[in-house]
Amino acid sequence: MTRFILAAFFAITPTLTLTASDWPQFRGPNATGVSDEKPLPTEWSKTKGIAWKAELPGRGASSPVVVGNRVYVTCSSGTRDDRLHVLCFDATTGKQHWHRQLQGTGSTACHPKSCMAANTPVADETGVYALFATGDLAAFDADGTLRWYRSLVGDYPTITNAVGMASSPILAAGRLIVPMDNAGESFLAALDTKYGKNVWKVERPREISWTTPLVRTVGGVTELLFTGPKGLTTYDATTGETRWAFKGGGGSIPVGVLDGDSLYLPVGGVSKFKIDAKGVVEKPEWAAKDAKAGYASPLVYAGKVYTSDGQGFISCVDAKTGKEHYKERVKGAFSASPVAADGKVYCLSETGICTVLDATANTFEVLASNELGEASLGTPAIANGRIFIRTDKALYAAGR
Amino acid sequence: MQIRFCVAALLAVALVTTPTPGVDDETTRALATLKRVTREGKGNEDAGPAWKTLVSKGGGALLPTLEAFEDGNHTAANWLRTAVDAIAEAEKAAGRKLPADKLEAFTLNPKFAADARRKAYELLLTQDSTAKARLLPGFINDKSADLRRDAISNELEILERTAPPTLKADLEKLFAATRDKDQVELLAKKVIAAGGKASISEHFGFVTFASLIGPFDAPESKGFAIAYAPDTAKDSSGKFTGKEAAELKWIPASTSDPLGKFDLNKLLGKHKNSVAFALTTIVSQQEQPCEIRVTSPTSLKIFLNQKELFGRDEYHHGSPFDGNVGRGTLRKGENVIVVKVCQNNQTENWAQDWRFQMRVCDDTGGPLAGITQVSAIDGKAVPLGLISEKPTNTEDKK
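Protein chains in written order, with my numbering: chain A, 155 to 554; chain B, 533 to 930.
I should point out that these hints are in silico values taken from the structure, not numbers from a laboratory. It is possible that some hints are incorrect.
What the hints assert, rightly or not - Which chain B residues face chain A? A few, computed with CB under 10 Å, are given here:
(1) GLY573
(2) ASP712
(3) SER831
We put the beta carbon where it would ideally sit given N, CA and C, even for glycine.
Next up, chain A with everything else stripped away, as it sits in the complex (with noise of 0.2 Å):
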């Protein structure tokens, strides 16, 4: 017995292959928004406490990300904002490595939010993969190759979304998974990483989500847990079969957390699930109500839950209770997940404005507001000890 509960703990793991301090992906590695990463910076300015600025050709509500010593970061620009960027910087001195440039092939139809780079690119070690809200899809090796590219949309013309895409591609079991619900021809494919081409294609319901998959490994497989409208369905992310589905767990626009065995879902406010190996125990731990997520996803740190909302309300709840620590507002709406490292937790507004608060108190402790000045929708990614910021004009690398 004893041995079948150690068996069962170590097999169900989240999936980690990077570095602890890289930032691959959105919300960065595990998809927590969580770094192991310190010290990391606290305050900031446009004129202090950033190590680097960067110009940026375009705007993007994609989150930078970061791999070694390398950023890459997308952007769109343009009249039509179909003309389709991806950058690479270096980490330490902002550097600009390469600038790539794609134009788009698909409807750049969108929310006015938004834009054609909305969907956060995933890198590796070999290089990045980048996915535009047009439904353009290109690898690039850290030099700057272009591996291999596929337009989607001449691939699979019914391909729509006339709010705009913005689901992130994800590295997993070794494939690069694309995750495109639309209103057309609606899949979850995965790719191999060499040549683009499909090693799996599944059909998924025929409407519009910009979730992004969730990766665990359990007893050997590694599952894809991928939210729509109508529910949470599990994939075997080496065959695209389907292992288990849940109807309580549906979603359109932020993203869950996985925690060992638990699983934090934005429905209801955001709601704790258990989930084992044959998936989630359908009614919640708790549910908090107040604590809203939306566009936002929630962020779990430090045995707190955290939200922001669209409306500027940071809410901050027990982990294991679900019990209100407070809910507070602040100036500017939020768009870009929550991230944390170092015992702070980072809420960029869509403004600009990045609230740091103290992840060791229960109360509502500001240790900053730091400003920008400018339109910041993604996500922000900590790495090798800075924060990289993403606005409309630029790109910021915040600390030492």
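Chain A is already provided as a structure; the job is to place chain B on it using the hints.
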């Protein structure tokens, strides 16, 4: 300015009609490989090494790569575009200048793909800061949407700064050339303020007369996938059975909306889980390619002469201007366009629109020569975009 531009253009054509010297076999093979990539990454395994080969050739491969762009082959264009970026970046890093004269010649030669010319123009600007003022005036009617837009903005800025005696005529010329909706609306205001006339509806070539029929039953919001008899209508005759067994006939309608909007909720009544059709007849003096551009917040299909050109099954996620484009060929004489406009059963306030706008244009969004629409009201041939001065249709009467 005009003479100087013409001389530059002639020189440019002379330069570029000369085959690019020194294109080796490896470069030629690499370019051919990149152009062979097709759907679902077919050809990617060869394209990756070809891309590396091409970029390794350095500055000598720049012009051949730009020349390899083809309008319409978007996948290849993106392989080529990134190669151009990498070549230009490497040349800069090596301290070498790009061939400004060749880039200028390439930019000015309309035989090359619009996107490639735009790319060449941007590279040229990094080498020659005077190129913008020298070249932009020649791009006012360019096939590249970006070059055209920039040229018009540049010219408008000059006109407003200098206020020449020919201002009205100059603004009218810019208005005729512009394609982007925001720029069209801006220039229409400027033309009118200068004492001229500018019809946005005629500029865009909106269909302003149509025969309508509906509602047809579309259970479970699945009207998009259901075939209805009017899909392949050849004219606006006949009776059909509609929703709740109602007998339906085509009814003539027109719109006075400057952007050609037909509001089906007003014209046919508010219906859910329904489908309606709009039919218009276009007379073309010659066979010619066309685009039928439709704006609508709901699912739709576009048919030309009983052939389906385009379909999009999406409801109430916004209605981007010209968001649905059917590409086809108008035959000489009469052509029947049918647009099927679906409505689902969503109950939210923001999901009640049931409308469409339709225009017929060339691939730049500009007017086609020698085409008219047949008025559904009196059967007369009238210009596209014509707005009746007197209300004659169901919508206006309501």
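Interface hint status, B:ASP712 versus chain A (Cβ within 10 Å): Check passed: Cβ of B:ASP712 comes within 6 Å of chain A, closer than 10 Å.
Interface restraint verdict for B:SER831 against chain A (beta-carbon cut-off 10 Å): Holds, about 9 Å.
Interface hint for B:GLY573, Cβ within 10 Å of any Cβ on chain A: Holds: closest Cβ of chain A sits about 4 Å from B:GLY573, inside 10 Å.
Checked against the numbered hints listed earlier, the structure breaks none of them; every hint is satisfied.
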